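Chains as they are written, first to last, in the working numbering: chain Y, 1 to 252; chain A, 1001 to 1252; chain R, 2001 to 2252; chain E, 3001 to 3252; chain B, 4001 to 4252; chain D, 5001 to 5252; chain U, 6001 to 6252; chain F, 7001 to 7252.
All clues given are correct.
Under the rule of at most 16 Å between Cα atoms (straight-line distance), these lysine to aspartate or glutamate pairs were calculated in the EDC-like manner:
1. U:6250 with U:6115
2. A:1250 with R:2170
3. E:3250 with Y:170
Derived by calculation from the structure, the hints in this document are not laboratory data.
Since the model is a prediction, treat every value here as computed from it, not as a measurement.
Protein chains: 8
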Amino acid sequence: MDPDRLQALLDDVAAGRVTAADAFARLRRLPYDDLGFAKVDTHRALRAGGAEAVFCPGKTPAQVVEILRALVVDHVNVLATRADREVAAAVAASGLPHVYHAQARLVVARPERRDGVGLIAVAAAGTADLPVAEEAAVVAESLGNRVERVDDCGVAGLHRLLAHREVFAEANAVIAVAGMEGALPSVLAGLIDRPVIAVPTSVGYGASLNGLAALLAMLNSCAPGVSVVNIDNGYGAAHQASQINRLVAKIR
Amino acid sequence: MDPDRLQALLDDVAAGRVTAADAFARLRRLPYDDLGFAKVDTHRALRAGGAEAVFCPGKTPAQVVEILRALVVDHVNVLATRADREVAAAVAASGLPHVYHAQARLVVARPERRDGVGLIAVAAAGTADLPVAEEAAVVAESLGNRVERVDDCGVAGLHRLLAHREVFAEANAVIAVAGMEGALPSVLAGLIDRPVIAVPTSVGYGASLNGLAALLAMLNSCAPGVSVVNIDNGYGAAHQASQINRLVAKIR
Amino acid sequence: MDPDRLQALLDDVAAGRVTAADAFARLRRLPYDDLGFAKVDTHRALRAGGAEAVFCPGKTPAQVVEILRALVVDHVNVLATRADREVAAAVAASGLPHVYHAQARLVVARPERRDGVGLIAVAAAGTADLPVAEEAAVVAESLGNRVERVDDCGVAGLHRLLAHREVFAEANAVIAVAGMEGALPSVLAGLIDRPVIAVPTSVGYGASLNGLAALLAMLNSCAPGVSVVNIDNGYGAAHQASQINRLVAKIR
Amino acid sequence: MDPDRLQALLDDVAAGRVTAADAFARLRRLPYDDLGFAKVDTHRALRAGGAEAVFCPGKTPAQVVEILRALVVDHVNVLATRADREVAAAVAASGLPHVYHAQARLVVARPERRDGVGLIAVAAAGTADLPVAEEAAVVAESLGNRVERVDDCGVAGLHRLLAHREVFAEANAVIAVAGMEGALPSVLAGLIDRPVIAVPTSVGYGASLNGLAALLAMLNSCAPGVSVVNIDNGYGAAHQASQINRLVAKIR
Amino acid sequence: MDPDRLQALLDDVAAGRVTAADAFARLRRLPYDDLGFAKVDTHRALRAGGAEAVFCPGKTPAQVVEILRALVVDHVNVLATRADREVAAAVAASGLPHVYHAQARLVVARPERRDGVGLIAVAAAGTADLPVAEEAAVVAESLGNRVERVDDCGVAGLHRLLAHREVFAEANAVIAVAGMEGALPSVLAGLIDRPVIAVPTSVGYGASLNGLAALLAMLNSCAPGVSVVNIDNGYGAAHQASQINRLVAKIR
Amino acid sequence: MDPDRLQALLDDVAAGRVTAADAFARLRRLPYDDLGFAKVDTHRALRAGGAEAVFCPGKTPAQVVEILRALVVDHVNVLATRADREVAAAVAASGLPHVYHAQARLVVARPERRDGVGLIAVAAAGTADLPVAEEAAVVAESLGNRVERVDDCGVAGLHRLLAHREVFAEANAVIAVAGMEGALPSVLAGLIDRPVIAVPTSVGYGASLNGLAALLAMLNSCAPGVSVVNIDNGYGAAHQASQINRLVAKIR
Amino acid sequence: MDPDRLQALLDDVAAGRVTAADAFARLRRLPYDDLGFAKVDTHRALRAGGAEAVFCPGKTPAQVVEILRALVVDHVNVLATRADREVAAAVAASGLPHVYHAQARLVVARPERRDGVGLIAVAAAGTADLPVAEEAAVVAESLGNRVERVDDCGVAGLHRLLAHREVFAEANAVIAVAGMEGALPSVLAGLIDRPVIAVPTSVGYGASLNGLAALLAMLNSCAPGVSVVNIDNGYGAAHQASQINRLVAKIR
Amino acid sequence: MDPDRLQALLDDVAAGRVTAADAFARLRRLPYDDLGFAKVDTHRALRAGGAEAVFCPGKTPAQVVEILRALVVDHVNVLATRADREVAAAVAASGLPHVYHAQARLVVARPERRDGVGLIAVAAAGTADLPVAEEAAVVAESLGNRVERVDDCGVAGLHRLLAHREVFAEANAVIAVAGMEGALPSVLAGLIDRPVIAVPTSVGYGASLNGLAALLAMLNSCAPGVSVVNIDNGYGAAHQASQINRLVAKIR
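Excised from the complex, chain Y in its bound form:
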């Protein structure tokens, strides 16, 4: 409730147009019910083209279907992340309109294709990083962004990375996905002047500590302009990259 509406309400009470009891009923829940939070949630979906994503692990396929069915009533491009083939089969059996991106482990329910705006570049260091990179790319596309993928551009073969420098320099946000030593974001951020969102992956073994080595490396990037999300969190990187790209594209 903004000040103008509060003033108007109190004027109405003073003028007898609204009873004290009615005003009380509206104002008593003010501290929490009407703070605007819920509105933000609703607006977010309308603006950005997708509802809150469903994180599948720990839910039964039936539960995922049920939640998706509820969300698609009001939303398009509803995402179910980390969806394995069993979940995908359950969604297919449910009759819900959807697309399943197997490598990205993503279900997009009530899919609605739209022209992407701006540009987000998604770089993957190795082929083993592709599931996470694809998650980021498909999520970003579902949120209405134009996406360019650059695969297999790890730092052990710089020529592959340098060959795509223009794409990175043009993007409004770059998502850099890498496991093992996680050096890709540092090298990228040294080449371009765009925000790099680094996604460490659990690719590796032994002292990779399930992705902790890459995570720590990225947090210690010697190149400014790098921020980091959780290990394997392609969804989170895409969400923030979309916030940035769409702000730049002025269409939020």
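Based on these hints, arrange chains A, R, E, B, D, U and F on the given structure of chain Y.
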């Protein structure tokens, strides 16, 4: 602002006893200033006898004095924790009425002695744990609780612990302070049926990892009835023990 | 053996009503068998309505049944925690009177419904935290407490949390269950003046380190009044919350 | 060297306006000095108003002065970060035009005030987080951004945070600085739809593990839209926030 | 080759009773083959009643059988540790004389019962620790020691521990097996003056970190007289306890 | 592009032999396309006898076959590492000429036997370390090196290690493979003056932390001349040992 | 109170030789005061020649002096460990009879030389490990054991270790002190059949993690017969070695 | 003692040219004293131009001087590592011929300049890494190798690294020194086919964990051909690089 006062204010507006503008001035800050949060803050001080504590590390002695001076306007028994002798000297030079508890590293500004209610027992495993235990004990006393201290009752000398079993069994909350292997809370919780709040200390060396060993041990207690606060956090343990003891004593 | 009974026994010996040999037989085991520890154990069950809980992992279904069968002779509401469906089936096949709470993974053997006293609030940050929260809630109910559940009130949607502020403020103890960043207990403890027992869960991935991130966050709560139990330890939180709530309700 | 200038140079050689020897002298360092990488570096300074920052720890005050003296030849608003009072005194004694921001531990050499564009909000959870938050704020201002500071808005006092919701919702990027449990970014990202760059601080003790607890919490944020930089890295957060804000403001 | 035999050999060469070539053949392997190491190995088996143990994980059942078959040629009471039922079945099918201790996960091949000497006490904190405690007990028995088991004597029920104080005080070495908070060795070492070999177990969950919490606690014991072996290493504890007990019993 | 070729190109432009446009086309990609990286890759295979290895985990057997089929067009002795029996079966079914080394979990596609040059010694501490040691040995052989294996030479039986001292002293590089306490490289480096490449293995349990204990021990070797690769990384050790050995043998 | 004395007391009461009140006074403290624990403490000092040691860190020199003064009333060879020169000076100024072992950082108050029994060998890997090794050696001597020191026998120079094999093989207990990779205990335990108590030291840097690397290595020893104490805990190792050696020497 | 000399000795005994007693005196220490270990030590110094290095931390300046004085009797270019200015002053005052390399924190006692053989390249990522890189470079030079330094070639400015590609490709061993994210070795190993010895440094803050982040990154290098030494261990890297380079140069 509680419902009764809101209803009364609106009645006053409806009856013309308060103008809409005056009501607006009071209500406009409602979404945040008067959400009830601040009230809680104010009420807490009135009920429990102390304001939010000042954590000294990272503040200059002059800053601590300044903050204390502001807080004692409305509060008694204002606490400054982890106060070294330099801070204590600055408070003494400031002319603020206060008591300095050197071992507990606590300043109590505008001290006001009161009869403690209920009972909180504070057990310390070794003499090196006494600074933390004393912090807990003095904080609990400042918050209006009756406190019994049991020192040097570590598990390597069970007879010393068992000698005080009655005190522990009678308390409404027991604070168990221990470093090194941190076994005291488990043994205590096996003897009595009262909530045990465990405080790991950084006492130890090598594999004690600055208190992490004791912390982990306490979190893994095989005896139910133990919860844990941060390493060396005597203040936090005393705060929660006071919440419990005063609830039991029904004088909040 | 309390002092009065010891005095009486010795008087009986002095008066010839009890022989020295009979007194010896009773007193010789005093140093350990009758130190009061065992008595505490027995009394705890009588008062609180439940025996020591059976932790199922590492035990065969047959072993769990056998232990439960022994405990229900003297106790009601005997708990078996972390009981999977295989254990539940074995209990069902055994003919023991019981209830199985699937989400909470709890068997309550020889269940006896009673009116709960006081109030314990159990808050769960997300749906994935529900198994742990339900464990806490059902355990607390089995121990004779009144319980209110508040689900899905994580800090990313404050409005849901604030909507239930009265429940938390009224409770004698609040159990706050959260994984991922584990921020719920801090926010709760900032809103109310009741003891908050925080339960980190292993919900999350990557840098959640199987719940360590939430555990560390909770231990570092900037709001006083928070203590913490082991990861996923709904049972332990409920046990301590019950100790507090029943002390306040004065019916121990 | 950008393509246009290269094309022009070659045209000049073809036309005889420049000798092959002169062109060789300019181009011979092309593979590295002018590979385009260096260009980016130079352009960055021209556009954003500042050169690469000097990280002071490990350098003598004399070395810092020497490096600054070299950089201010071509740049304005040259930053020296983590500059203690000894460094500041050396800079002052050197006669270099500069401003020293004591709390932010920043020297800005050859300072040039400019009107900031767009909006970056910098939120600090507690007063102990202010040095890092100020570093972020002053760096962002030096890079030509408009900055709003919101101090002391930690999650234990939500009303202070909610009071500034409009500022956060309006910003093109939000920098959230917090130590201890590090919950501020999660709560902020739940309230607004703008990119939140989280900066964990080393504020805390014991299980805060010098900021690791806050770092892990932030990486596990349950609210999408959060990315994280290194502990106490206010500079890095400001750099990326500036990249975002200036992209949105279209003035790069 | 001991000095006397070397002197005799050289005397023989000098006297012509042994040719230089024959002496050379014997001495040439001296630097390694006959350094006394191998002798130690052989002697150890003769004295202590068992050969080097076979650690089964990572070996196929067939490989275990093959190794056992080779070892029983020269040794009795040959141990295969961490032997699951599949290994046990393979040994049974092989026709090798043996005993399988299921709870201890031990195969004793070519078993030979003997009267145990001295006394080793094996204490287990909880029933879940029994597999490790049994491994220790059976290994100690196989090595020719008298063993007393004290089960379920964790610190949450001190009376059970105290009831067996005499056994511990009489033993030449005490093996204390505990998971979770690992407090048993500290309490034991405070009660008696005998060497306590602590065995942390992986029993627990969450912050037990697969036994690391117990391990750290034991290393930080506040009672002197405790040393520690690897997590779940009942075999290693029994080996060292046997070295001690048999030294005391003077029968090595 | 080296200086001579650049000078020549510019001379050609000045002389009209090359147009400015053609020169521009060649020079604009200079920063990345023509740096010689790709050439290095190609040369490496020709010189060293093998292409980049295929790391199988995370790839389907079909994918591994497909990649191998592509690589064998230009290369011999193409390696697929960590290949389980399912992968081996798929390769066998594909008709590709190959050898499968089961213990080393290696497929060598289009195998071509050659005489090894120089000498690499591969030492394995225990039988459980053999899969990693065999991986190192077979990879080194595939890369054209002469290899000597010394198995079961852990530090608990020094005589076995000392028996092979000549082999180690003669080698141009020694690969030391050990799990558990990882002491083998230190002892080896104290005996010889050749580079020791240490490979920690995940052999062990409990406090071995999946190989971290061995890794840390090796990094802290008190004997100079030891460097370390990732846990279980036999391939990496062999690759570097081959670089060294072949440099010494001057046949690269 | 042993059974005989209890029976006698009750007989006295029955016979009127002791009043019930007097018996009550003696028996009421039975559950804890006279459990035999205190007696053990007293006996330990008498038998072993030393009281509980005083750990100096965290105590002022004056406090150390005060505690020593109290202990020397009843004990000889009272130890103050980790005593720096400031503590030593305070003890010297106090007039207490004492010896200060500077390298071992030990004060022995009221020193009383005695002939050592049995044999304890103390091996130090490097010169930097000598302070810890000396602490172990002097403590063991103070407790009445014969001690042999073997310095600088780290595994990078096996010949130095092997030169002293007889000393180790003759000892009843071997204390092995090593930092860095901590391999000494494994090698020692492979050479001899005596209990090896391993003491990791904080000697090292970087990945030694203040001694954790050595600690982990020792816990993972591939040679049976090794147990481990806390980092730098020479005192604890000596205490247990003394328990073993004196048991073997039968003079406890 | 090699076989020929043993045979000759025995022949001499058989022939009466050597008495059995004299032969015994020589052979009795054979198992350890003359195994060749000591010889290796002596030979190493003669060949490589330097004795074992003295690690200064934990030693007094006087002790360092004393050790150096002993070593220079037989050796030239004796190294004292991690020598601060206090040590340097003590060496200067001692009159020992020496050179002090302040940045490298190295004393070279009895320095003897020689022409370096082969080539070792030492790359440093940033200026803060120079002390470690200089330690490596000066040690390598003291051991008789030709060394090329490439400073400030971190991955955030690839052009600086690429400019020196020829140096790296020509070297027989490359030492890559980097802190923070530690990406330099991966990028280098992707460019060249020479062994890369990676040295993580403790340069960084926060999540660099004193160099652990760089260490982990280097161990997980996606480019084969990288091995790693301890954090800040420039000496160790130089030692191994020298072993390799001198083997290649065939002048050992």
